[in-house]
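Work from the hints to combine the two standalone chains into their complex.
First to last, the protein sequences are chains A and B.
Note that our numbering gives residue 344 to position 344 of the first sequence, counting from 1, and the numbers run on in steps of one.
With the second sequence counted from 1, adding 469 to any position gets you our numbering.
Bear in mind the hints are in silico, worked out from the structure with no lab data behind them.
One or more hints might be untrue.
Part of the chain B face toward chain A, derived, beta carbon under 7 angstroms [unchecked claim]:
no. : residue
1   : Ser484
2   : Glu566
3   : Glu569
4   : Ser770
5   : Val774
6   : Ala1029
Across the chosen pairs, the derived CB separations fall in these ranges [claimed, not checked]:
no. : chain 1 : residue 1 : chain 2 : residue 2 : range
7   : B       : Ser497    : A       : Asp68     : 42 to 50 angstroms
8   : B       : Pro537    : A       : Ser10     : 26 to 34 angstroms
9   : B       : Asp519    : A       : Ser66     : 27 to 35 angstroms
10  : B       : Ala1017   : A       : Val408    : 24 to 32 angstroms
11  : B       : Asp990    : A       : Ala467    : 44 to 52 angstroms
12  : B       : Arg676    : A       : Lys404    : 30 to 38 angstroms
Using N, Cα and C, we set each Cβ at its ideal position, and we do this for glycine too.
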Amino acid sequence: MLPREYRTISSLSGPLMMVEKTSDVRYDELVEISLANGEKRRGRVLEIESDRALVQVFEGTSGIDSEDTKVRFVGKVLTLPVAKDMLGRVFNGRGEPIDGGAPLIAEQNLDINGMPMNPFSRDYPSEFIQTGISTIDGLNPMVRGQKLPIFSASGLPHNRMAAQIARQATVISGHEDFAVVFAAMGITFEEASFFMEDFRRTGALQRTVLYINLADDPAIERISTPRIALTAAEYLAFECNMHVVVILTDLTNYCEALREISAARKEVPGRRGYPGYLYTDLATMYERAGRLKGKSGSITQIPILTMPEDDKTHPIPDLTGYITEGQIILSRSLHRQGIYPPVDVMPSLSRLKDKGIGKDKTREDHADLMNQLFAAYARGKEAKELAVILGEGALSDEDKAFAKFSTVFEDKYIRQGEYENRTIQETLELGWNLLTMIPTKELKRIRDAYIEKYLKPLLDKKADNEANS
Amino acid sequence: MPDKKEVKGVIERISGSLVVAGGMEGASMQDVVHIGELGLVGEILEVNGDKASIQVYEETSGLMPGEPVVSMGEPLSVELGPGIIEQFYDGIQRPLELIEKAANSHFISRGISVPALDRSKKWKFEPKVKAGDEVIAGDILGTVQETVVVEHRIMVPNGIKGKVVKIESGEHTIEDVIAVIEDNGKKYNVCMLQRWPVRKPRPVKTRLAPNVPMTTGQRVVDAFFPVALGGTACVPGPFGSGKTVIQHQFAKWAQAQIVVYVGCGERGNEMTDVLLEFPELEDPQSGQPLMKRTTLIANTSNMPVAAREASVYTAITLAEYYRDMGYSVALMADSTSRWAEALREMSGRLEEMPGEEGYPAYLGTRLASFYERAGRCIVNGKDGREGSITVIGAVSPPGGDLSEPVTQNTLRVTKVFWGLDANLAYQRHFPAINWLSSYSLYTERLDAYWNEKFDDQWSGLRVEAMGLLEQEDQLNEVVRLVGIDALSRDERMVMETAKSLREDFLHQNAFHEIDTYASMDKQFKMLRTIVNFHHLGLDALHKGAPMAKLFNLPVREQIARMRYLEESQIDQIDKLDDVIKEQINAIIPVGGDNNAA
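Isolated chain B (complex conformation) (with noise of 0.2 angstroms):
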């Protein structure tokens, strides 16, 4: 530990959550200060001779000039260790069922202090080293059942190595020390509780390409627009277009080990959503509770503006520290536009020099930093573990306008953009990804990998799929000018599987108990039989089965019922085939080869 350095100053300029303190000499960049007589917390900003400029993270209503700022040497720091999991912080790391607590209200007030994690709770540790064995930073000394499916693992901190001289076992809490490491003849002792500054991104040993698949059983998603395990993605959208419920239905099924949810200056009732509804809620790999995975940090668009800076790295650091045991981490972020826009609020504060409306002209710096702290790795340790952060970032630009800054400056470091269009939206398309705009820079390396699981047929299926959606935006503008008659037989095949595909496939209720998550089995098997059936129809239309009653045949309303079936029912959708077969057999006139009128 560096040696922390008290500067102590006064207030002399307040506006809104920026505080000027003087008389701050030797204070540092981004350290935590605690002002006023109600001690509420902030960071410095900018450091100006002896005039320091400071983020507040709470409500600055009552202060005035002359009033202490004390500096602690330390910048904004989380703490981690056992206890993160199920816990439902604020912006900066506070748990908000203590503020409830300490406040005695239901309201937030001022000046509360409160620890992250529980000091009195008793954990068991046991040990995975002996005394006497070598340890370098990263490697895992113990472990702790954190919860039901989360096994805590404790790591060397960064920066120490040496030789473990003593490893306890048994009950601890977190401030107990559990090893002693030698190191050069100096000790240290390591406890399970550690700090991490929030800017700075935990190191890792190697960093890896991005090429498994993190599923996440939405369709629209994992068939045409997938994500992979350590990539980054995000959903613009305008508001009403189903942004959140997305992210919510990200971060009960995507297939990762830990869920960190941060809900970033939006609407309190959605966090309460996801506080109630995820104790609730399955876990389709564990069979446990979702909220024993899952880890909420909640800074609602009425709680303090700069507060709601820090959530977001508050957020990373945590999901940095859970890879770093070796876990997949998803972390879902809604939304980042209302982060930009504290930013931007400081900068205007700051009296800096506005870049593109009015934010600041590092936005773009401090988006790819943020989403760069993404990714798949070999972490620090010996045992090359590996470990993987996926984030996904909504972004709500302002009038649904995808050119203004935020959206921009995040589509240039992002990978995958599933674009949410309000006219879907309306016709209550959901989720209202919109398949033609929206892209996937992963598709490709992710074919690979399902096509060895779907016998080489997956990327077949995928690219034929897209291209019939393709074609049949092109065959509208000719629908809309000159009307549906003007169109070929086969064209008319093309526009009735295009809806298909729509309606049946693309089309998923995340509020239907079993529509709400596909497997990638039975998203395999619907596209399978979705396409099937066109290549049947259109052979078919060339033997002279006549249109209508091609279209109408019975098997379509099982087809458009496959979503319905249940995981254990999905082998049903195999046997369609031979029904299509029949039925599309009995409409082709006997010798009616090639006859197309």
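Okay, chain A solo, but in the shape it has when bound (with noise of 0.2 angstroms):
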């Protein structure tokens, strides 16, 4: 079919602008704009009725008018050329090298909306990913193919912790192709050097995609930058059978530019402003996780957010969580007592982690340990608030106990540096060395087998070093 080319637009508002008297426009298809000085943008069609389109430009209206601006429906949609030279490469929003190399030879052209997952033709994800967090691997074990999102907000140490598991992120059974996808999305110019940076100087970068959509850049363009990044992880982890970690930061800014479309679209808004569809939006980008039968790659996801003003029920964190298979929360009261990572523990959750722990994945107490320390820490807690109420007096003997565990806990399980690596077993017996000070008989949450096995050791050495000193 020969390309048709318009010059009647009729309205321009906002992102979007209506072009009158088509035909055979398709819905969802691609649309080249030339100005008249000859700039191009694109856009895609949003709505037809009859000989009407509604389209929405990537780069914004302005400067767009309604006589000599001519309007082209190529009549497919968006599609990202991939190949495997990606790896390496820098890319703006819409996916255009701009680290100066030559253009991408394609292999493929794809749709960057991607298609949904058969949940037939899903693997479940079950192999340990091994980032040298304790508080991710030990707490909140991710696994090959999870969606694991940073809940974090303005002024917490986000980025340094996703460049830090992009860097140390590794899988225990051996080496296989490993390769990373970033996609930045409305992010200033200093975070974006900061990983650029960081990844060059690690060594990373040659296995990393990157794909930057500035604060700067027309917000309009950020509704593309995820799908195009995650469509260049489908083709590496599909066709080219590699292990693809996706960091996606920041989703905010990403509602945000949603937000502002559904409102020039004068749709009904849903809660706070955001578009009743914006569950649906975000899902079709996350549930472009995962493992599939038959492939060995896969493609695992760390979506980063801003929460606005530390609020977890904002619609944006909010939806985000009931799609996710968990969620990392940073705190910022752990932060201002200078632990990095500021993990809140009680509240991050990793869904999967159930099926990546145990024997033959990491250690057969791994399940018994986690949820021990989790309910060690949470009375630990309690029991400090109630000290902050009514003096260390009113607390019983046990009480003591967990109030000490929770402190030294956050110290010493939480705290660790930014190149500090921890392999899974120096974790495990932190978290068992951790249990030493709280009395056996209030370790309800692990089999009796493992506390003799793992347990028992430890309180004899430090019994001995007692009686010594």
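Okay, here's the thing in structure tokens:
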């Protein structure tokens, strides 16, 4: 079919443009717009009513006029050229190289919206990923094919943590093809260059593809950036059989852009002005993580979002939490105490942990130990709150032990260096060592056999030391 | 069968999953249509003159005005017949396995048409009636062994009665005629394959009161907030509070003969989990894999939103079909909030006047009519079979705020409320069902049932345990203000027992091979032991036993580990009573009667 060109723009508003007297326009198809000054822009069809098409312009409508601007309907949806050579390259939010290198020679052109994975064809994520961070590996273990977001807030070191994960993530079983796809949406130049610098310095860049949409790039472009990144990730994972970790930052900017378009279309808003379909829209991105039967590659997603006003019930973190398989929440209070990474252990959760840990994966005692650490830390924190009101004297001996445990736990277990890469064995041992501070009778979440096998030797050693000193 | 009338129109407007077609005169509401050259499936939502608004169950990208729209003159229906159990369907009953084959891809492409039931497979049909018998709608013509545990009963379709003139036996496909029924000279051919429109409830003879329990093996549920066969329950909770794990636990251990699990707008991996796990897990009642009694329906959050709306109706219609055979069916819907959001999205595109939070004004009616399809009843047919559907719906309130419209409308129609509590989840107290805010309106009815089984001890134990937890909550307020030392010795005992109830009884580990399921016998024995310790402990305190010693008796560790006893060893719990008595007696000071010091 021949491309059709029109000069019949009837109205312009925000990122939207109405084109009249069209024919044979397809829903969702790609639109090329040529401005009078020769500038080219792109957009997509949002709605068609008989011979009128509503077009969303990716780069914004400023400078477009209703007389000289030409609109061409391309006849296909927005596609992304992909090839294995993407690795090590830097692209803008529309998928065009910006690192000064040669243009990409496409091996395939893929629809950036992808297609939903058939749940029947999925393979359940069950391979433990070691990130070297105790609060993740020990308490909220991540597995290949999982989507585990970081809920952060302004001023917290989520970028450093994301970079640490990208640097250290490995699978215990062996060395396999590993790649990182990084999509930045509306972040500042400073943040973007932090990542690029870190990847370059640590040699991670060769296995990384970066898509950068900066804060001063058009907001509408942000709608496609994560989809472009995920399309590249799908290609690397399922065509090139690589294990891909996709880092998306910052989803809050993405949702703002979505709200902008929704408002321009005069849609009935849902909570806080975000469109009612925000859940579905986010799901079409998050659900692109996973593993497929018969394919060795996988896509693991780590979306990062900043919670407005540290509020977890804000629609963006809320809807994200309903789709993703858990969440890592950062705490301002830990950060103030100078603890890095400031992971708020209590509300953090990895839903797929149970399949990724245990015998033959990490260690048989992992699950029980994890549950016990959670319970003990919760009780310790409660006791500490009580002590603040009533004074230390009001606590029972047990509560005192738990309170002391929670302090040491924060200092030794949660706190670790930015370049400290703990193996899972080290993390588990650390956990058992901390449990020696608590009366054994209180360890109700652990099977007797494991107490016998892992805790008793440590207790004996401790008793010996005390006897000697 | 009514006469099918085909109506052809053309696309005029496309907006997301909504398509408006012109030239659709004669099309009726809720008819299924095929859209465009790809033949995407949709359903008519609104008729206005010759224009029909259609919700499309597949991605609409690439459609254009002028493409054809064909209405088949038939409402959205499901296929009923042997082969439903063990299947994994999408929201409009297409087997996902066949979609994978037809698309030859791990991804779902569009316009795929695959039959819901296998047309070529032969089933062994055993007739239960003979030629000359008079039958009415709902009577069982014969049976087919669908899986090891499910006997599929082929019934006389609705609206047909008369004399059986011919009945086949032996191997047949679902489209073969297996019986001919004659009524006033008119002959009806009956095959195993039948159809039913999803939005129309299947009729029953009489509805019964829900006074038989459906046990779930989950202690907090069965003991404190039980659900009855044919009851309705909802599980609202913020994300991360364990909604899905609870739904999975119900699907695994609920004492129902058939389980229909619908994943509505939820995660793909969760459905995969069920799909991989259920064939491995053993049903405690039959000893066979759980999958042999389960059918799954998945419309994950990234699949087309309109089909999400249809998926719960597909599920309940399948459930009704098995209920009509005389089975107890449990239907788990995770999550009804996503279904409501799909309604909201379509309503928005239809430009309807929004109600609360943008949800359509008819949200409450739709939810009510869905839950009302649950129930225990005498089904159609002469033999007076009893069947039931128990519906357990998960609700995902935004921000955990229960005042939002979906939760509120659900609470109005469901009888059991298991309120999930984020704080309990943070403390890793699972299932995170809050024992103070949850309720069950079936408790009293079901007490009668359990009292009969457990020598009239059940309701007393339950009420006492609940009372202790309630007291603990009040005492906690005091402790927070003035410290634990301000409590009397009796009150300390209450705190200790309540803690034991929470940690040793209510807390249950879904991933522990033994703890994951507790029979009612085990639950009763555990609860009795904990309450017994409370009584003896109080008595000992009155007689002057030292508190610290009492709370640290070695038997308490045994109480804490009751839950890890296998079902075959639960008699050991009975023996604990003697151990408790012995150890407590040992710490009562000699002659220390009524000495509270």
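Going through the hints against the structure:
At a threshold of 7 angstroms, the smallest CB-CB gap from Ser484(B) to chain A is about 4 angstroms, leaving the interface hint in force. The interface hint given for Glu566(B) holds, since its Cβ lies 5 angstroms from the closest Cβ of chain A, which is under the 7 angstroms cut-off. The interface hint given for Glu569(B) holds, since its Cβ lies 5 angstroms from the closest Cβ of chain A, which is under the 7 angstroms cut-off. Checking Ser770(B) against chain A: minimum C-beta separation of about 3 angstroms stays under 7 angstroms; hint holds.
Of the supplied interface hints, the one on Val774(B) holds, with its beta-carbon coming within about 5 angstroms of a beta-carbon of chain A, less than 7 angstroms. Nearest Cβ of chain A to the Cβ of Ala1029(B): about 5 angstroms, under the 7 angstroms cut. The hint holds. At roughly 49 angstroms, the beta carbons of Ser497(B) and Asp68(A) sit within the given window of 42 to 50 angstroms. Between Pro537(B) and Ser10(A), the C-beta spacing of about 28 angstroms keeps the proposed range 26 to 34 angstroms intact.
At roughly 33 angstroms, the beta-carbon separation of Asp519(B) and Ser66(A) lies within the given 27 to 35 angstroms, and the hint holds. A hinted range of 24 to 32 angstroms for the beta carbons of Ala1017(B) and Val408(A) is consistent with their spacing of about 26 angstroms. Against the hinted window of 44 to 52 angstroms, the Cβ-Cβ separation of Asp990(B) and Ala467(A) comes to about 48 angstroms, which satisfies the hint. Judged by the Cβ atoms, the range 30 to 38 angstroms given for Arg676(B) and Lys404(A) is violated: they are separated by roughly 60 angstroms.
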